[in-house]
Amino acid sequence: MDRPNTDVIQGTLDLLLLKTLSLEPMHGYGIARRIEQISRGVFKVNPGSLLTALQRLERAGSVDAEWRQTENARRAKVYALTRAGRKQLTAEAADWTRRAGAVARLLHTES
Amino acid sequence: MSLWRQLSRGLRVLIHRAEADRDLDAEVEHWLDQAAADLAASGLSPEEARRAARVKLGGTLSAREQVREHGWERVVGGAAADLTYAARRLRKDAAFTLLAVLTLALGIGAATAIFSTVNPVLFERLPYPDPQRLMTISDVGGSGARLDVTYGTYREVAQRSHALASLAVLKAWQPTLGGLDVPERLDAQRVSAGYFRTLGVEPLLGRDFTPADDRPKGPDVVVLGHALWRRLGGNTDIVGRIVTLDDTPFTVIGVMPERFENLLAPSAQVWAPLQYGESFAPDSREWGHHLRMVGRLRPGMDREAAARELTTIAGSPLPELPRVPWADLSGGVLLSSLRDEVTQGVRPALLAVVAAVLLLLAITGVNVTNLLLARGAQRRGEFAMRAALGAGRARLVRQLLTESLLLAVLGGALGLAVAELGVRALVALSPAGLPRLDAIRVDIAVLGFALALSAVIGIGVGIVPALQASTPGLRAGVERNSRRSVGDYRRTRGSLVVAEVALALVLLVSAGLLFRSLSRLLAVDTGFDDAPLLTMQVQVTGHRYDADSVRYGFLERSLDAVRGVPGVAAAAYTSQLPLSDDLDVYGVHLERETDPANDGAALRYAVTPGYFAAMGIPLRTGRLLGEHDGVHSPRSVVVSEAFARSAFPGGDPIGQRLRFGDPEGDWYTIVGVVGDVRQTALGLTSANALYVTPTQWHWVDRRVSLVVRGRGVPATLAPAVRAAIWSVDKDQPVVRVATMRELVEASVADRRFALIVFEAFGVAALTLAAIGLYGILSVSVTERTREIGVRSALGASSRDILRLVLRQGMVLTAVGVALGLVLAWAATRSLAALLFELPPLDPVTYGSVVTLLLGVSVLACWGPAWRAARLDPAITLRAE
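Residue numbers (my numbering), protein chains in the order written: chain A, 1 to 111; chain B, 1001 to 1880.
Bound conformation, chain B alone (with noise of 0.2 Å):
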């Protein structure tokens, strides 16, 4: 009842203003009639008694507007009319609109986008079912790296761990799908019959994988990836058909839903059991660190107590349970979470990211603080008046508020916009490893975000501006500015330049540095030519190359087909291509070494004769690899020569002699010492490398990259040497085909990532904090013109006037400097992890960035400097 009463009540007066307000007025004016009724009765004339009725009432207008204030419609009602009279000023004032949504839309969509892009990554849960159980395993080596873990080692965890619920291997895999145009090379996994369970998921379709399947020589199945299937026809029936990898047949079992996401391989297309287990024999493939191990923590169990478990297991082997030596666990194992897994080698370049928008929206907040308070100067004269008719300060703040309000959710509104833009660039820009990529999307979420940030902002930039602009103070303002208030005004907007100043520094040196870093990284010797070199992986695939000397045998007629391709100079192949994410590692035993058990590792490379060459690393000393370094000469290795430095301190390595992936197998002589070449990444001193041909190694590679040297530019060549390889055999993939300047600037896109966002935000900072400045001192020489006259009249010269002006906005530039270098000192201690041999505190960047910013300080001072110094003290004094 009460309620019904609530709302039809409040409803009609929202509704029937005018009528409600008629009635309101009605009952008033009953009520000093009746009032004056009373004062007449006692004698008083109906005038005076109508008068003194009404100041009993405490003017009609404050009783009828205390009874307006009451009710839930007054709050609608009132937020309507603020609403509305906002939208007034706002359109009245379009300059001053336009660039404070303007700069709202920048800070906003940049922050938008910005989320959108690391929401996937580091605050959203991942998207399995309870995913903060969900743990990657990996051994560590003797030498406290981490290494892939071995199925022996899975074996034993899976048999012994308590604290875990499941487990799964898996590894990578690029099968070849047959039965099309064009031969096509799939991303694809292996995987023990546990990994789905594990994650949480089921297939859409079909079945998931059994302990039947996962068995050595169990059957050829395959579950497949929502998108291949779709492109298979995605047919429901898809189940229990064929599909041919690699020449042989595969029944497909099952479908995955399209919502699944394969974070350990997104791209992924099809999965096939892993069917280890068959031999645990040391030189068995059991015993090879090549897999990863992820798990599912028991409900209860938490991460720490997991550890301890697999501490515990490590250090205790069991006899029914031997292990290998180079698999012993000694060194433990190291758990992780999936996550962390997932985002560790992001996050630093994100959360540099994160920290730089914050900056930057800081910035734009500022900014609109500012073109507010100037704003609230303006208006004076109108809060004064509305105060003098009764509005409370509340009301006045209320109306301040709703027009920031209104500011910020325009901004945020073209803000989305501008995120949208701002997410394509950043997916297009992304570095390689941002992982869950096809998440970063404008969503829910992310409207959430924006919508949120723009109330916060609206209210943020409002409350200084409104809580100023309706001080009490204010009644003084009908009649003038007073002095005080304007004083007041000129610091807030003054300290307020100085945070954008101080702010923009730290985003400007920030970018400073991690640019300065990036051209040094880039001109580090990787130990090779790029320039003229184009690469391409080859897959040799089907069974009718399943012997050694028949995959050597098209790597021999392959390359003399490419070597024929006119503009072609040189070309080779070798098992692993620096800076590609190509990682192939084994140990090496020297003979000499008293402790033969463990003797370090060295990145492996098979290569063809001309390897050298085509790459153009140079031998430092003996002599290359060669045509006669063939199965059946004594084997030869060339290495690299930071291998012979800590190999072999001071002496001779050439006629040395080690073994090499094989504890037990053939020695290989030491012939000669090449470059150093930079493998994984450029930031990365070179590590151990070992070089032996391809008929020399223990197997004849099946996945292997083209180097070609070109005549011109070698992008150019792609389409004729894909053309020459398929003419050898046109059933071979040809996949990631790149320049190798295009690998070197891939290998840096994380930190290039960061350092566009950076430099993109820097500039609109740099800009954002000249219009500041030169904002306030428009203002300060309007507000002076009286004073300026004054001195010019008292003999100062245009000269004196200039420096005068100038000096009042560096004093201010000069503060935020001064500010801006301690925050950036505390600031770009976060960056380090960006940098690359380059102090965060480098004294160039820091000098080329004060230089900078005083620079354009003084070109945003030097308009108002200007104006000021031209105004005629005969003018400005008779204006008064």
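Same shape as in the complex, but just chain A (with noise of 0.2 Å):
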């Protein structure tokens, strides 16, 4: 088990998501690796969160996923952003900016 430090702060695992496969569709394990790298090791992504919450965004249509051929002859499952996956993106991604804000301003004022 993950330490808590370096969970995923609930509720954002979702738009982390959204927003790596905007980038180009992906592979799970591919998801976890950007996270990881992008935020520099702050977040480590449990595989078993990150496949439940892809199927969960697959099935409300927020991704489609695709079965590959990879090159050793195993079968990959690459996931890609719908347009209402998109949408969802830049809600979520606005509604994310304007709460960290606040939560930064509350931060500053209390110093």
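By construction, these hints were calculated from the structure, which means they are not laboratory data. Ideal Cβ placement from N, Cα and C applies to all residues, glycine included. Keep in mind that a hint or two might mislead.
[Stated by the list, open to error] What follows is a list of derived Cβ distance ranges for each label pair:
hint, chain 1, residue 1, chain 2, residue 2, range
1, A, Arg99, B, Leu1122, 51 to 59 Å
2, A, Gly41, B, Leu1389, 28 to 36 Å
3, A, Arg99, B, Leu1358, 51 to 59 Å
4, A, Trp67, B, Leu1389, 24 to 32 Å
[Unchecked claim] Straight-line Cα separation of at most 30 Å, DSS-like style, residue types lysine-lysine; simulated pairs:
hint, chain 1, residue 1, chain 2, residue 2
5, A, Lys44, A, Lys19
6, B, Lys1217, A, Lys44
7, A, Lys19, B, Lys1056
8, B, Lys1056, A, Lys77
9, B, Lys1730, B, Lys1171
10, A, Lys87, A, Lys44
11, A, Lys19, A, Lys77
12, A, Lys87, A, Lys77
13, A, Lys44, A, Lys77
Make the complex out of the two chains shown on their own, each in a separate frame, by following the hints.
Put into structure tokens, the structure is as follows:
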């Protein structure tokens, strides 16, 4: 189990997934790796949570999934953002920015 | 779109499970590959990279499991899998399953049967629109007793009340239906015009009564009940046809629908208008207390406001609506809801039965819980293994609850069959006064009840064993049962057995109290000799009997014919028969009384000479009535001891005079005193009674009861006696044929009903408690085999071992008994209404029940104890 401080903040996993997928279609491990790299290791993604979230987003119509053959004769499931997913990303990103800004302002006035 | 995706993706997983699993596997494998490749790139060997990746993934099983836990189809699929697994487990453990299902079926079946019996009476709405607004109104006499109302009171209330939107009065009527081979007496009602409208029901065919029908000397019209209409052919053109009732042609104006339940007279098949209001002279029928009144509250008017209004009306007579002294409403009027009126007689018995079935249900639940606990203990290894393999506690609890729910549903299904049988038995046993008997059946409400009950029971009995079996200390269980958890489990089971014993004691004490009280009641001296008596009611109908003398002639001639039947020792007619629901009371005025306004009332018996001999009622002083007490002789009356005592305390009643029934009528001279008779109920002390001959009463009754004293078995005389009556006039209906014994039995039917239910439940509870005790001791002996072996090896005799195990069982019993005594002490107070001359804390009952329970406990403990005592220490120790 990962330590708590490196867990993805509750409720932001969807946002991170959508953002990552907005760059290009990717498979599950690729998404996890990208999130870890870009966050410089701050976020470590639990594979179970990630795959569950992807399944949920797919059911909700935010992402589409498609199977592709890999070079070593395995199947890889590749996820891509849909139009609805893009809309959701815009909305959630704006929402997050608003909240983060508010938290930051609060922290500044406090110190 | 997304809903569609949700459904289709979920369904795909459910239907193509293997394919979905393969996809998930592929995705996880791919993840592993990628992770391993990354790690290999950082310099690890391929094997190390693969292992590290696997560790990072946190066990492929767990990630896969995590994904599987999501989505709606997982819930469905999981439940289905749980169910399949549960079914397999239960099938494997057939003995356990059978015992648990049978126990549950007993509990659920009994509860369902009782529910379907009491539901229409206690819980369902009455079968009328806005039934909560239906009220009955009765007169409260000077002595505070409830009386039927007079038509005069009805007229006044109908004119003055604003709280009541409509009002009706009714009386019973027993016309003889003509045109048939055998004369048939119908149960019927004479009602005022607004009766059906007040109840809120309309005829199926034809029309309702109108005020034009319900006026003095109005038309002879009837509304037929659905069943009678069917018997008369069931043709829709019946409206306008003629039926003959009591020799009079009546025009049919309507037919009531089949679903119409006439709660105020369930057996009534015909209704005719009352047609009162001709005269309001004091001696008119308009001022007789013999009508029942039912009213419907105006919308928005509550019962209290209506009661206040009626009290105001009662207390403020108007000059234009004069009253008579015996209906001056000085005691006020009583407004009660129709529902209370219909159910009050049986409510105590039904509530007691409901309480009993709840106790039984609790005991069956406890028993199954115990079985599940024992089984949980045996399956510790299995649970520990599953926990080690990654099953969460919630998952284990869910699995176990699925099993107990499945058990409960199986039990419930079987219980419905039990309920179906039970309902039939209950209806057959039910006391005559049980209202809405036709509405008692296993219907949708009952099915729903059984289902809900099964679910509650399934979770109720499963939750404790499930939580206990899945306790986090489980891992230790893989290796060995830890001492602590076994101790916990034994304590839980022990307390459940204590609960069972306590509940069984409550049921048994209740049954015991009812039994003792019923035998006391049946031992009451009725005042007559019931064994050889056959009774039947004879109705003298037809216009040819309109004259009193002709009617009396029929009585005399039919008595002669009956006396001629072989086996008949004596026969007589009486206007009312003890313990038969007959109740005929008239006011009495004593000659010497200083306050002539109110001398009380007495039961009136118009009896042919020979009644006392036939009934076996003893003469105390004076003489009995004889043939010479006829139309032209001075009026004579025989009084009961109770009357003699209350009217002439310390004095001699013989020769005293009184007026009876008519305050201005002839004086009757008391010529004799006879023993008291229980008229209304065995449990009610005898009321005042006066006996006169039919010819010396103000009229000769049309409805009389024949009592026949037989030499052999009285019931066998019935056909011959009936034939003898019909040999005089074949058109006279003979009904209510019953031996006096049957009437006595019927008068205690509600008590007998409660008793049988309690006895059955008590025996079931005792058996279940004994099984529970036996079970826990058996398991305990098995668990303590080693300890017992050590004890024997150290010199304990088999007698010591026997005592050890017996003591364990008896301690549980003793605690259960102590707890049960407290519960019973609290619970049996509610039985007080059903007890007769017996305190709820009757020591004999308590003593014998405790003895019985202890005895049964010893028997239940004996088997395991004996087994323990016979254990060979060498073998038990070697087994370790």
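Quick rundown of the hints versus the structure:
1. A:Arg99 - B:Leu1122: 51 to 59 Å: For Leu1122 (chain B) against Arg99 (chain A), whose Cβ atoms are near 58 Å apart, the range 51 to 59 Å holds.
2. A:Gly41 - B:Leu1389: 28 to 36 Å: Given range 28 to 36 Å: holds, Cβ gap about 33 Å.
3. A:Arg99 - B:Leu1358: 51 to 59 Å: 55 Å, holds
4. A:Trp67 - B:Leu1389: 24 to 32 Å: Hint holds: Cβ distance 30 Å, inside 24 to 32 Å.
5. A:Lys44 - A:Lys19: Roughly 16 Å separates the two Cα atoms, so the pair holds.
6. B:Lys1217 - A:Lys44: Violated. Lys1217 (chain B) to Lys44 (chain A) sits at ~100 Å, over the 30 Å cutoff.
7. A:Lys19 - B:Lys1056: 24 Å, holds
8. B:Lys1056 - A:Lys77: 20 Å, holds
9. B:Lys1730 - B:Lys1171: Distance of about 27 Å is within 30 Å: holds.
10. A:Lys87 - A:Lys44: Holds, because 26 Å separates the two Cα atoms, which is no more than 30 Å.
11. A:Lys19 - A:Lys77: Given pair Lys19 (chain A), Lys77 (chain A) holds - Cα atoms ~18 Å apart, limit 30 Å.
12. A:Lys87 - A:Lys77: 23 Å, holds
13. A:Lys44 - A:Lys77: It holds: about 21 Å lies between the C-alpha atoms, which stays within 30 Å.
This entry does not satisfy hint 6, going by the numbered hints stated previously; all others are met.
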